Amino acid sequence: MTMLPAARPIVACAVAATTLFSALTAAPAAAEDTRSRITLNGFHDMAVVEKHDRIFISRRGKSDTVLVTDLRGVPVGTLPDVAGNGALAVSADKSTLYVGGWERASNPESTATIAEVDIATLEIVETHPLPSEPAWVGTVGQVQDVPGCPWEMTTLEGLVFYTTSCPGIGGDGLYALDPDTGDVTALSPDIGTYSDLAVDPTTSTLFVASGYSLSAHDLTSSTPPELSLRASRNVENAGNETPGSRDDSCSMARLLRDIAYVPGRDVVVNQGGWSFAASNLKLAPGYPCFAGKWEYLNDGEDLTTITARSDGLVASGSIAYWDARIFRSGSTKTLRWYNHERRAVENSLEFGKKKLYELSFDNGLWPRAGVLHVITPRPASHLTLSTPRDRYATGERIIVRARFRGPSIPDRRVLVKAGPDPGFSVITRWIKLDEEGRGRTALRMTDDDGRLMIEGLIVDQGDYVASPLLQLKRDR
Numbered sequence: 336m337t338m339l340p341a342a343r344p345i346v347a348c349a350v351a352a353t354t355l356f357s358a359l360t361a362a363p364a365a366a367e368d369t370r371s372r373i374t375l376n377g378f379h380d381m382a383v384v385e386k387h388d389r390i391f392i393s394r395r396g397k398s399d400t401v402l403v404t405d406l407r408g409v410p411v412g413t414l415p416d417v418a419g420n421g422a423l424a425v426s427a428d429k430s431t432l433y434v435g436g437w438e439r440a441s442n443p444e445s446t447a448t449i450a451e452v453d454i455a456t457l458e459i460v461e462t463h464p465l466p467s468e469p470a471w472v473g474t475v476g477q478v479q480d481v482p483g484c485p486w487e488m489t490t491l492e493g494l495v496f497y498t499t500s501c502p503g504i505g506g507d508g509l510y511a512l513d514p515d516t517g518d519v520t521a522l523s524p525d526i527g528t529y530s531d532l533a534v535d536p537t538t539s540t541l542f543v544a545s546g547y548s549l550s551a552h553d554l555t556s557s558t559p560p561e562l563s564l565r566a567s568r569n570v571e572n573a574g575n576e577t578p579g580s581r582d583d584s585c586s587m588a589r590l591l592r593d594i595a596y597v598p599g600r601d602v603v604v605n606q607g608g609w610s611f612a613a614s615n616l617k618l619a620p621g622y623p624c625f626a627g628k629w630e631y632l633n634d635g636e637d638l639t640t641i642t643a644r645s646d647g648l649v650a651s652g653s654i655a656y657w658d659a660r661i662f663r664s665g666s667t668k669t670l671r672w673y674n675h676e677r678r679a680v681e682n683s684l685e686f687g688k689k690k691l692y693e694l695s696f697d698n699g700l701w702p703r704a705g706v707l708h709v710i711t712p713r714p715a716s717h718l719t720l721s722t723p724r725d726r727y728a729t730g731e732r733i734i735v736r737a738r739f740r741g742p743s744i745p746d747r748r749v750l751v752k753a754g755p756d757p758g759f760s761v762i763t764r765w766i767k768l769d770e771e772g773r774g775r776t777a778l779r780m781t782d783d784d785g786r787l788m789i790e791g792l793i794v795d796q797g798d799y800v801a802s803p804l805l806q807l808k809r810d811r
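FYI, in the numbering used here the residues of the sequence shown are 336 to 811.
You can take every hint at face value.
Using 30 angstroms as the maximum straight-line C-alpha spacing, the simulated DSS-like pairs for lysine-lysine come out as follows:
no.	residue 1	residue 2
1	Lys429	Lys690
2	Lys386	Lys429
3	Lys429	Lys689
4	Lys386	Lys688
5	Lys767	Lys668
6	Lys668	Lys617
7	Lys690	Lys386
8	Lys689	Lys386
9	Lys429	Lys688
10	Lys690	Lys668
11	Lys668	Lys808
12	Lys617	Lys688
13	Lys397	Lys429
14	Lys767	Lys808
15	Lys668	Lys688
16	Lys689	Lys668
Derived Cβ-Cβ restraints for the label pairs, each shown as a range:
no.	residue 1	residue 2	range
17	Arg773	Asp453	54 to 60 angstroms
18	Asp769	Pro803	18 to 24 angstroms
19	Ser445	Arg372	30 to 36 angstroms
20	Arg773	Thr456	55 to 61 angstroms
21	Asp756	Asp810	15 to 21 angstroms
22	Asp756	Asn615	34 to 40 angstroms
23	Pro559	Pro469	19 to 25 angstroms
Please keep in mind that the hints were generated in silico from the structure rather than gathered at the bench. A quick note: this is a predicted structure, and the numbers were derived from the prediction, not measured. Cβ coordinates follow ideal geometry from the N, Cα and C atoms, glycine included.
Please construct the entire structure, taking both the sequences and the accompanying hints into account.
Here it is as structure tokens:
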């Protein structure tokens, strides 16, 4: 939030911030290929199959069916005969969609299923009933068998791995379904509620995230399915492994809710801004989380969903900050920042071969209606700020120079904000850039906290591009 000098009323601060950012967001959202508003009436998972021009959206809520759209988000039908309120997964050859679902979970007579759907014809090939599992049911005040609701799902070597969790009841199992035989193998009876899965098909490795736990398992046998634990760890306060290398906010842990595998490199997680080496789950260079840079999240724990592309590009979304961000695995610099002014939820981001598909939700409308954004990430642009020196006396004039480099020159205006902390600015300026992407402005050194933090922000064809943080010291 941009703050005005202390002599102004606090009400004016909010007005000023709104004015500044509305000026920036006035730029056209040319970064998006398409955007389409979709009526959902529920949301749980999304699967994108570019080969067949299809997006499948499972809807947990009033609908409990799978909505089918084309790649632009235009509805083309539903899968009416499938309980489609759970996880989705696609076979390696992109021919089969696996749909997880359940009937009313509190009804002991109800069942959970995984259905096989031919993606080309949208016909149901087979429906596999899933075993129930014991859980505490608060409405009846006792433990009883409930459906093994497939909460998360993935495929590996022809098997369908899924975790269980029924809304309002729970469940914490890890299972493997063999679609050829219909056999279901219980692999772990107690991995934790609302777990997530990722796979490395080249090494037949299954990654499991649950609570504060992250583990890597090698698939040693397919008939019957058997897993061998390669590595496991607790991710809470992972930053303590490398003191001083990251901002303290990155060490704040929340439960793991979404993970992604970067081929040949890392497992990235939504919690805390951390990446872990896929081979041994040791802490690896992370993604943008540093609280001192305003183009990043205020702290990494507010990431909600994350996905990765085969070339190492990673995208993250947040329910708190209304945007999606693109970066490379192992880098702490945001390449692209897409502010849709809508919220991302779990499982709402997915990469295709080139494009990013993001389903975001207006505040207060989740999960009734969403907007599908289709984005082709473009080459990174760069904005830098510089000053002649790094020390100035109180009140001394400071010349701030801006330099923008990229495939395009945007609307040629840079917003510069400065203050004792990145999130608390007492000075704002606009810099008008010339044809070469250069410009400058002047401001004066303040007497706050002995330092002045300066940042810049520009809109490049609908994308936010932020400068690295510039820190000046005050001569006493």
